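Could you put the whole structure together from the sequences, leaning on the hints where they help?
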Amino acid sequence: MSERIGMEIALAAAEAVALCKPDVVAAYPITPNTHIPEHLSDIVAEGRLDADFICVESEHSALSACCGASGAGARAFTATSSQGLLYMAEVVPIVPSMRLPIVMAIGNRALSGPINIWNDHSDIMSQRDSGWISMFAADGQETIDMMIQAFKIAEHRDVMLPVNVNLDGFQLTHVVEPMMMPSQKEVDKFLPAYKPYAAVHPDNIVSMGSLAMPEIFNEAMMAKDQVLINSKKIILEIWKEWEEQFGRKYEPIGEYRMEGAEVAMLTLGSMGDTAEVAIDALREKGVKAGLLKMKLWRPFPVEELLKAVSGLKSLVVIDRAVSFGGPCGPVCLEVKSALYDQKERPLITNYIIGLGGRDVVVADFVKIAEQAIGAQKKKPAKAYEIYGVRGS
Amino acid sequence: MNIVENFDLYAPRLVDKEEYFNAGHRACSGCGEALAIRLMCKALGEDTVIVNATGCMEVISVMYPTTAWSLPWIHVAFPNAASVGAGVEAALKVLRRKGKIADRRIKTVCIGGDGGTFDIGFQALSGTMERGHDVLYVCFDNEAYMNTGIQRSGATPFGASTTTNPAGAASQGKDEWKKNIAEIIASHNVPYVATACHSYPLDFMNKVKKAREVEGPSYIHCLSVCPTGWRVQTEDCIKAGRLAVETGVFPLYEIENGKYTMSSLNPEELRPVEDYLKLQGRFRHLTTDSIEKIQDRIILENNKLLDKAENLHSWAELEG
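So the protein sequences, as listed, match chains A and B. Just so you know, we're using the working numbering here: the first sequence kicks off at 1 and counts up by one. Just so you know, we're using the working numbering here: the second sequence kicks off at 1001 and counts up by one.
Since the hints were made in silico from the structure, they are not lab data. Note that the structure is a prediction, hence the values are computed from the model and not measured. Don't take each hint at face value.
Partner residues aside, some chain B positions facing chain A, computed with beta carbon under 8 angstroms [as the list claims (entries may be wrong)]:
hint: 1; residue: Ala1011
hint: 2; residue: Val1015
hint: 3; residue: Asn1022
hint: 4; residue: Gly1024
hint: 5; residue: Asp1047
hint: 6; residue: Val1049
hint: 7; residue: Val1051
hint: 8; residue: Val1062
hint: 9; residue: Pro1072
hint: 10; residue: Trp1073
hint: 11; residue: His1075
hint: 12; residue: Val1088
hint: 13; residue: Lys1098
hint: 14; residue: Ala1102
hint: 15; residue: Ile1106
hint: 16; residue: Gly1127
27 angstroms max Cα-Cα, derived DSSO-like pairs, lysine-lysine [unchecked claim]:
hint: 17; chain 1: A; residue 1: Lys249; chain 2: A; residue 2: Lys185
hint: 18; chain 1: B; residue 1: Lys1179; chain 2: B; residue 2: Lys1209
hint: 19; chain 1: A; residue 1: Lys249; chain 2: A; residue 2: Lys189
hint: 20; chain 1: A; residue 1: Lys240; chain 2: A; residue 2: Lys195
hint: 21; chain 1: A; residue 1: Lys195; chain 2: B; residue 2: Lys1100
hint: 22; chain 1: B; residue 1: Lys1100; chain 2: A; residue 2: Lys189
hint: 23; chain 1: A; residue 1: Lys288; chain 2: A; residue 2: Lys307
hint: 24; chain 1: B; residue 1: Lys1239; chain 2: A; residue 2: Lys185
hint: 25; chain 1: B; residue 1: Lys1278; chain 2: B; residue 2: Lys1209
hint: 26; chain 1: B; residue 1: Lys1259; chain 2: B; residue 2: Lys1278
hint: 27; chain 1: A; residue 1: Lys233; chain 2: A; residue 2: Lys189
hint: 28; chain 1: A; residue 1: Lys378; chain 2: A; residue 2: Lys232
hint: 29; chain 1: A; residue 1: Lys285; chain 2: A; residue 2: Lys343
hint: 30; chain 1: A; residue 1: Lys195; chain 2: B; residue 2: Lys1093
hint: 31; chain 1: B; residue 1: Lys1098; chain 2: A; residue 2: Lys189
hint: 32; chain 1: A; residue 1: Lys185; chain 2: B; residue 2: Lys1098
hint: 33; chain 1: B; residue 1: Lys1093; chain 2: A; residue 2: Lys185
hint: 34; chain 1: B; residue 1: Lys1259; chain 2: B; residue 2: Lys1209
hint: 35; chain 1: B; residue 1: Lys1239; chain 2: B; residue 2: Lys1017
hint: 36; chain 1: A; residue 1: Lys195; chain 2: A; residue 2: Lys232
hint: 37; chain 1: A; residue 1: Lys378; chain 2: A; residue 2: Lys285
hint: 38; chain 1: A; residue 1: Lys21; chain 2: B; residue 2: Lys1093
hint: 39; chain 1: A; residue 1: Lys240; chain 2: A; residue 2: Lys189
hint: 40; chain 1: B; residue 1: Lys1259; chain 2: B; residue 2: Lys1179
Just so it is clear, CB atoms sit at the ideal spot from N, CA and C, and this is done for glycine as well.
Okay, structure coming up:
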């Protein structure tokens, strides 16, 4: 039976990972993800998890060691944030190309500079096109659930891809929430033991990580793209299994009060929970507002997005990163691109908020939604606005 | 047959006939590194996993869909052979403990060139050595970034001309001395460190066998002649390696638990370094002054090494 717990989310994430019995954990400290590997090392030290915890000398080596471990047939886990993700960036796209089902938690944090340890999504957005499955948790419960789901999705024979689970730094990593923690028995039932397709071992000789000449590179990249696109089907199946076993529903784009909505906000990560309260306030004012909470970022859920926005007059895409010099924020770019071919599409406005941990409260979401509704009459001059800039 | 008298005839019989690094790879003719790897694999035997840094050996051996390797082999990137190796070693250890793989010792062996060892892979190597993984790291040092076209590395010797520090009217080639990587690795309290060269195949293979048996980190530094980059005739590959030892440019030694041992293959008296330099186009431009400077440095480095071999004690001897 699952147990109701009150715990810091990073620690709960570590407990959830431990329930998945990884063989090797390699991590390097960086705020704000650090409590996850720290607590995993506690769990190993207490003898509750039989794993090798490698205290590597850099994030580059953290992911590299996971590649070696996964390549040798072990279940491997790492976690990082911000500059750490960029430090391992050389290895990031190689992992899906080698079809190594590594799971990584990312405690999302702003990229330097100026150096800043607090939350935004600029770290993961920089690795958007690397070929990983990428999910965003909105709260502690989703963090626990996604950590466990991630291993099953990653290791599915038709997927065999790495998964990163994004949880907002501090807003999630350092917050204590009530959550349901599955039992070991429940996780064992949900997640079968990892059986690698291939592993470097003398009993079954393989060469992993070959050189591809131009004659084969297109094909390799197409295979990498297709397997990621096709993984959505498996993700949906596994989420269905999760719902059946644990009663908690997961969808690529979660909906909140979308019935009859004319205006909707689309968020990633923890800001969705704050936005929910704003939607309640707007509904009380008689505004037909709803919320779309994107949980699956890669593969990008195009079909689900089209379905979710059909009938909307206005869509407000909330970004938590800047695509410097680009046409709009990274999430909005993708949303607009997905909707471009549609005959009927909502007016899209884009607000970039909460950079480097800047607090965003309910009133801000209400204000943004009201501005967006106003934009239906008078189109804004700019394609996006960095919201809440002092002096502007 | 008298084994001692006919050792050169008898010695090859000691070598494993099995090939683990197979013919058909795309190394340049006369490549010392490819030869060294073939010998290394024979010394290691089948219970081995090879972790390869990006570089010549990866490029020439695994052009998809072919592979030259009959040993399990993995490559991820340039700077991380040591950390990928740490992950492989950890996985094999845990999976064996958990009964998920056969209960026998598999040795993880990381290989990299001098760029992947001295420079870009140095941090990962230091980390893996410091953490004490049961990993043998073999550096095949051809003294420059040969795969990308002979650029200067931290292993390039003083005076050598490369494509990024070429000799010219205002340059004598590399102005700095080579990094002493074996000494740096030994300073990690690694129980077994050795230098070797493919031109002394049995010595190299014996060192690989010894390192393989170490339960913990070990490091072998294998000078690997690159005829392409050194501007040496391909048939002079072995000769160049021998001259490196005979002139004292590259002394052969072991450091076992802190105790330095000079190989009996080192000459009683060093040949003049000019014999080594004149064979190679990369040193063609050197002036008499530069050659003298190199000669002096070789004598100093050899004396430093002989002093250590004479005066330093093993850790066991130093225990209180």
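Report the numbers of all earlier hints that the structure fails to satisfy, in ascending order. 1, 2, 3, 4, 24, 25, 26, 28 and 29
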